[in-house]
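In order, the protein sequence lines correspond to chains X and B.
Residue 263 in our numbering sits at position 263 of the first sequence, and the numbers go up by one each step.
Residue 1081 in our numbering sits at position 81 of the second sequence, and the numbers go up by one each step.
Derived by calculation from the structure, the hints in this document are not laboratory data.
On a predicted model such as this, the values are computed, not experimentally measured, just so you know.
Just so you know, even glycine gets a beta-carbon here, dropped at the ideal spot from N, CA and C.
There may be inaccurate statements among the hints.
[Claimed, not checked] Below, in silico cross-link-like pairs of lysine-lysine (DSBU-like), each with a Cα-Cα straight-line distance of 30 Å or less:
| # | chain 1 | residue 1 | chain 2 | residue 2 |
| --- | --- | --- | --- | --- |
| 1 | X | K140 | B | K1250 |
| 2 | X | K271 | X | K328 |
| 3 | X | K187 | X | K177 |
| 4 | X | K495 | X | K134 |
| 5 | B | K1307 | X | K271 |
| 6 | X | K394 | B | K1307 |
[To be verified] Covered, in the sense of this in silico footprint (three residues per stretch, anywhere, with C-beta under 8 Å from a C-beta of chain X), are these stretches of chain B:
| # | region |
| --- | --- |
| 7 | 1162-1174 |
| 8 | 1178-1185 |
| 9 | 1189-1202 |
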Amino acid sequence: MEEKTPVVEMRSIRKEFLDVVANKDIDFKLYPGEVCALLGENGAGKTTLMNILFGYYANDGGEIFIRGEKVELSSPKDAILKGIGMIHQHFTLVPSQTVLENIIIGAESEKGFFLDLNRARERVLELEDRFGLKVDPDAKVWTLSVGEQQRVEILKALYREVDILIMDEPTAVLAPKEVEDLFSTLKSLVASGKSIVFISHKLHEVIEISDRIVVLRNGEVVAERKTKDTNTKELANLMVGREVLERLKKKKAKVGEPVLRVEGLTVLNDKGLEAVKGISLTVHEREVVGIAGVSGNGQTELVEAIFGIRDYVSGTISVRERSLKMGKPAERVEVGIGRIPEDRIETGLLMDLTIKENLILENHTSPEFSRNGLLNHARINDFSDRLIREFSIKASGRETITKSLSGGNLQKVILARELSGKPGVIIASQPTRGLDVGAMEYIHNKILEEKDRGAAVLLISEDLDEIFDLSDRIIVMYEGRLMGEASAESASREKIGLWMSGVAK
Amino acid sequence: MIRQIFEISFITGLLGATMRMATPIIFATLGEIITERAGVLNLGIEGTMLMGAMTGFLVTMSTGSLWFGVLMAAVVGMLLALLMAFLAVYLGLSQHVSGLGITLFGTGLAMFIYRLHFGSPTVPPTVQPFKEVAIPLLSKIPILGEGIFVQYSLTYISWIMIPVVAILLYKTHIGLKIRVVGENPFAADTVGVNVNLTRTLSLVAGGAFMGVGGAFLTLAHQNMFLIDVVGGRGWVSIAMVIFGNWDPLKGALGALLFGFLDGFQLRLQALGFHIPFHLFLMIPYLLTIIALISVSRRAVIPAGLLKPYRREEKGG
Ligand SMILES: Nc1ncnc2c1ncn2[C@@H]1O[C@H](COP(=O)(O)OP(=O)(O)OP(=O)(O)O)[C@@H](O)[C@H]1O
Ligand SMILES: [Mg+2]
Chain X
1 MEEKTPVVEM RSIRKEFLDV VANKDIDFKL YPGEVCALLG ENGAGKTTLM
51 NILFGYYAND GGEIFIRGEK VELSSPKDAI LKGIGMIHQH FTLVPSQTVL
101 ENIIIGAESE KGFFLDLNRA RERVLELEDR FGLKVDPDAK VWTLSVGEQQ
151 RVEILKALYR EVDILIMDEP TAVLAPKEVE DLFSTLKSLV ASGKSIVFIS
201 HKLHEVIEIS DRIVVLRNGE VVAERKTKDT NTKELANLMV GREVLERLKK
251 KKAKVGEPVL RVEGLTVLND KGLEAVKGIS LTVHEREVVG IAGVSGNGQT
301 ELVEAIFGIR DYVSGTISVR ERSLKMGKPA ERVEVGIGRI PEDRIETGLL
351 MDLTIKENLI LENHTSPEFS RNGLLNHARI NDFSDRLIRE FSIKASGRET
401 ITKSLSGGNL QKVILARELS GKPGVIIASQ PTRGLDVGAM EYIHNKILEE
451 KDRGAAVLLI SEDLDEIFDL SDRIIVMYEG RLMGEASAES ASREKIGLWM
501 SGVAK
Chain B
1001 MIRQIFEISF ITGLLGATMR MATPIIFATL GEIITERAGV LNLGIEGTML
1051 MGAMTGFLVT MSTGSLWFGV LMAAVVGMLL ALLMAFLAVY LGLSQHVSGL
1101 GITLFGTGLA MFIYRLHFGS PTVPPTVQPF KEVAIPLLSK IPILGEGIFV
1151 QYSLTYISWI MIPVVAILLY KTHIGLKIRV VGENPFAADT VGVNVNLTRT
1201 LSLVAGGAFM GVGGAFLTLA HQNMFLIDVV GGRGWVSIAM VIFGNWDPLK
1251 GALGALLFGF LDGFQLRLQA LGFHIPFHLF LMIPYLLTII ALISVSRRAV
1301 IPAGLLKPYR REEKGG
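Sequences are here, hints too, so could you generate the full structure?
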């Protein structure tokens, strides 16, 4: 494959932000008809490099060649015209508009003054058929599942007839079945001659789908491997620069008193339908209860109800016999619930504030940090520096504006804040989504540490490995109900998998 | 007195007044809808309308051409919108501050230019205003015809503009771009839509509507320029945008409702109730607030409204 001329060649690409060098003279090639995986720790510079190729970021140094020809990409429009499409880490769709509208907006093929929806629909359906991307073109985007939304993103790129497709962590939010579907789409794309850059932190996926793997660390290329010549263990080491344990040692502990109790909880979703249907569950001291299930089966609503940010129709939630009121998130802080929300950007962090401010968000009024209504900055600074160190948050300092952090580091800020108060209950929703193996290992260890300290942990995850690694008890949620429950020792992946797809046994 | 309300002449008169009073609000509301759909709140609307009113009046006064006056009012509206675009789109300043600044600037400038030309006359100068035009046949419909279909040309144009703006927004490529830029500028950028250009063009188109809305006040509704001739109609239009849920048709209905209330209170005053007339003046505004409370809770604001857009900031 190496003999062919690359479709994309990036030469000594450099990108500096205010205080970090995100790309240090990176060389990167993409060959026609291949899937090249880009691996690297959180903040290694993967997204930045691809944003440069997509014309979204301007590079500070280096050159880009597309099919051998030197190009200046000063906007995504230029990149699209050169046949480059990108699916971003966070979706770029307009929820209130239809699939079709989202797809055709701004496309070069759309001539004339008036929208020609019928012609566009035909073309979209044709693409859907060809690449196995099923989604209703006339549905409003907000009614779609995450997997469907991603298909819209892919269709959006294909509609522009790109032949280079960049996918930034496309599987981070997908359920296992959806990942399978995506992979078969990717295979048919490659078969039709397209080249794909695939970014993921899930090593087995990378092994499964890619032909070649490029590893970045701290803004530099540290290794390149043919996929068939490597394995997950080597990749993990290359990424992090040290040994990574593939399996955790979970200590068996005697479970203590019941702490978090949910009884007969029924919650509506945004569309007004019952998303959680009379669920009851209990989490004890020194216990991790894992809720497995494909997302969209009521997990989000359950978590939001427990967090106090979504009202419920009936049922009770209590922590150590104290029942919690609806719509009172402050009460959750008071009784010591550490909350790690699924959506970091929407509910976890204030993106325009500094890291330091985000770290003291929940306890800035405590006597430790304020006196007579004035913030004690010396204390706060010490506290922030300590957490940034302890949780190895990669940032130039406590005063960094949060939105400049990479995805994984955003999650670490939340964890640092939530765990710093030594909460009695921890509710972690998809805590390692989008994290690199090193960070994941770190967070898993943290969660187990918290459990050993005595915390009651409710873990919601789509990642079965994570569920099995951490949980003492596993519960499966399907269509708003509990499909089944098993202790970690007695549960088999097959049984859990069946429950997740709604088959009771 | 009460009986008079049910007389035919009263109803005809009220219908006519409704249409007249609604016209400037329809123009301004449509203009603001285009602008806000692209993600920019233009609080310069009140000042822009006043500049439109002044420009229309002055140009007509010196050239004798009403239509040329209207045209120049539109041009001045566009220029002020360009200023707004420079501040709020290209420099990324707060839309609130920029808009209010433009209203203050427009108000001061209108006053200044007027004084420069006319000094402080005891009797304000007047122009020969637009005449009402009866639409053949339609204006002969009993009761309704005379009220609705004998109007100024500008009023008819405002009606035509309602579907025109709706079609523009919902059925054309430009409209789709405007809406996406207003909802998710990052998404628009990643598909190659020029966010700032789209916002600027929307502002400029909206500014033209606001200018014409202002000109209607000095060239048709009245025949002179007074400093309070706009009298908060710009702000009312902002409210109508919310009332109409950013939809041209519903926004225009809101404008008609306001026109009706405004016309109604004028008529009531004319009937000679012995209540301070300020109370009547309050009615349309008060009812607008009440309507807003009930409607705006369900409103879906364009998600990108008020947010300046710059690259190199993480999207999402
Ligand atoms: N717009 C920006 N402004 C300032 N700094 C930025 C910006 N975008 C990225 N950075 C910084 O550049 C570095 C590389 O970030 P990048 O998003 O490319 O990482 P990544 O490899 O994609 O990580 P992840 O796996 O967490 O998504 C990080 O230190 C990040 O904080
Ligand atoms: Mg990234």
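Results for each hint:
For the suggested pair K140(X) and K1250(B), the alpha carbons sit about 21 Å apart, so the restraint of at most 30 Å is met. Among the hinted pairs, K271(X) with K328(X) is consistent with the structure: their alpha-carbon atoms are about 22 Å apart, no more than 30 Å. Our distance criterion of 30 Å between C-alpha atoms is met by K187(X) and K177(X), whose separation comes to about 16 Å. Among the hinted pairs, K495(X) with K134(X) is consistent with the structure: their alpha-carbon atoms are about 28 Å apart, no more than 30 Å.
Proposed proximity of K1307(B) and K271(X) is supported: the alpha carbons are some 27 Å apart, at most 30 Å. The straight-line distance between the Cα atoms of K394(X) and K1307(B) is roughly 28 Å, inside the 30 Å bound, and the hint therefore holds. Under the rule that three or more residues need a Cβ within less than 8 Å of chain X, the assignment of the region 1162-1174 of chain B holds, with 4 such residues. Look at the region 1178-1185 of chain B against chain X: 4 of its residues bring a Cβ nearer than 8 Å to a Cβ of that chain, three or more, so the hint holds.
Using a Cβ-Cβ cut-off of 8 Å, 6 residues of the region 1189-1202 of chain B lie near chain X, which meets the minimum of three, so the contact claim holds.
No hint from the list above goes unmet by this structure.
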